[in-house]
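Starting from the given sequences, assemble the full structure and let the hints guide the process.
Taking the working numbering, the leading residue of the sequence shown gets 37, the next gets one more, and so forth.
No wet-lab data here; the hints were simulated from the structure.
Keep in mind that a hint or two might mislead.
Calculated cross-link-like contacts (lysine-lysine; reagent style BS3-like; alpha-carbon spacing at most 30 Å) [unchecked claim]:
#1 K208 - K237
#2 K271 - K191
#3 K208 - K180
#4 K177 - K191
#5 K240 - K208
#6 K63 - K142
Treat the numbers as computed from the prediction; the structure is a model and nothing was measured.
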Amino acid sequence: MYNQFDFNYYDKKIDREKYIVATFSFKAPKLTFTQAVHAIAGESSIGTWTKISGLSAAQYKKLAPKLIWKNEAKHMVSIAYPLALFELKNIPQLLSSIGGNVFSMKVVTQLRLLDIEFPKVYIDSFLGPQHGIVGIRKILKIKKRPLIGSIVKPKVGLTAKEHAQAAYTLWKNGVDIVKDDENLTDLSFNRFKVRVKEVIKMRKQVEKETGQLKLAVINITAPYNLALERAKYIKKMGGRCMMVDIVAMGWSAIQSLRQENLGLIIHGHRAGHSMFTRNEEHGMTMYVVAKLARLAGIDQLHTGTVVGKMDGTKTEVQKIDDFLKEDWLHFDNLQSDWSEIKPVMPIASGGLHPGLLPDVVKYIGQDVIINFGGGIFGHPDGVAAGAKAASQAAQAVMNQQTLEEFSQTHDELATALKFWVNN
37 MYNQFDFNYY DKKIDREKYI VATFSFKAPK LTFTQAVHAI AGESSIGTWT KISGLSAAQY
97 KKLAPKLIWK NEAKHMVSIA YPLALFELKN IPQLLSSIGG NVFSMKVVTQ LRLLDIEFPK
157 VYIDSFLGPQ HGIVGIRKIL KIKKRPLIGS IVKPKVGLTA KEHAQAAYTL WKNGVDIVKD
217 DENLTDLSFN RFKVRVKEVI KMRKQVEKET GQLKLAVINI TAPYNLALER AKYIKKMGGR
277 CMMVDIVAMG WSAIQSLRQE NLGLIIHGHR AGHSMFTRNE EHGMTMYVVA KLARLAGIDQ
337 LHTGTVVGKM DGTKTEVQKI DDFLKEDWLH FDNLQSDWSE IKPVMPIASG GLHPGLLPDV
397 VKYIGQDVII NFGGGIFGHP DGVAAGAKAA SQAAQAVMNQ QTLEEFSQTH DELATALKFW
457 VNN
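Rendered as structure tokens:
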């Protein structure tokens with residue numbers, strides 16, 4: 037029952053514009069490599085657990101998946117699925133196939149979706165980001181340097197006015213972007229609409245005082261109709277950005293929010309992704325999540341820091357960020373054209389302090405939002421000093437100076453380095 041597909045396409049060129057290619061790693065102790073591959077390919081396409089009739093020879097030829105690459109030693113395989121099996125601009129349907137019941141088969145004890153490669157016609161069916169890197173920089177009028185962000189801390193517990201005052205202090209002292217944490221929505225002690233009013237009022241005030249444009253990232257995560265209502269309220273009040281927890285809300289909601297064309301930057305938080313990305317032998321990679329997020333329309337996406345507290349190797353984070361920022365993907369001798377889908381601004385967030393900023397820029401580049409939470413709010417001299425220290429670290433990098441050199445004339449940075457690096 038596992039030998040139902042003709043896999044004579046191994047190592048042969050196919051027309052990449054007619055297939056979606058998924059690369060898996062797997063463990064199937066009770067099956068041979070070939071049996072396991074047939075089981076995976078069948079369950080994720082036109083097969084089932086036993087022999088059946090129903091497809092004509094012509095239908096089979098048109099719809100059957102093809103094995104185009106394998107590494108038996110590492111239990112890896114690339115399967116090309118005919119594009120006819122998929123609905124354009126529909127991420128939920130895509131995942132129902134190559135990310136659905138195939139993960140529940142008893143005979144395949146572990147399965148990991150490593151990558152998905154799409155033909156141009158599939159990519160171009162999606163809207164992608166409305167703003168992307170260029171649009172975000174245009175809104176803030178910051179051309180080159182990394183953007184400095186901060187999460188208001190504690191993540192929950194402050195009133196709306198306390199939250200807004202913290203945002204004001206951050207913006208006033210050099211921070212560009214201030215965001216809600218992922219679990220702050222509409223809580224009894226911090227109501228959503230009150231927070232929106234107070235935060236945007238403070239943003240407008242600090243913009244007048246500093247002459248610099250700022251961004252408030254406000255969390256709308258909720259069931260879709262309520263999330264949309266919140267997004268429209270942000271826009272009505274003069275906001276520029278909405279934040280969504282992409283895993284909690286789901287791909288259907290993200291695509292739908294983008295299709296509203298509200299003009300708001302969509303800030304994508306990835307809270308919860310490790311439930312299915314962290315196990316290196318099962319689930320899917322964050323790289324796949326990033327590809328789907330770009331298709332769905334996320335403008336800026338949390339991707340990891342390399343040097344912070346969150347999981348993610350240097351190789352993995354750089355691969356994700358390079359993809360988000362590029363128009364083309366290169367794999368072997370083939371190319372994937374993402375030129376119609378705007379590049380996404382990566383966000384480095386989690387366990388960062390000013391002393392780590394040069395490493396983040398070294399590994400990720402300048403097209404990045406560097407988010408500080410405790411690394412600003414934990415500064416020994418307070419939040420204002422923490423914000424200044426983060427901004428000073430960015431200035432040092434842009435001036436091509438070491439932090440130690442720059443800190444000799446900038447007390448806030450000097451204190452931060454003493455507290456987090458040199459103690």
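Consistency of the hints with the structure:
no., hint, in the structure
1, K208 - K237, "13 Å, holds"
2, K271 - K191, "23 Å, holds"
3, K208 - K180, "20 Å, holds"
4, K177 - K191, "28 Å, holds"
5, K240 - K208, "11 Å, holds"
6, K63 - K142, "11 Å, holds"
Consistency with the previously given hints is maintained throughout, with no hint failing.
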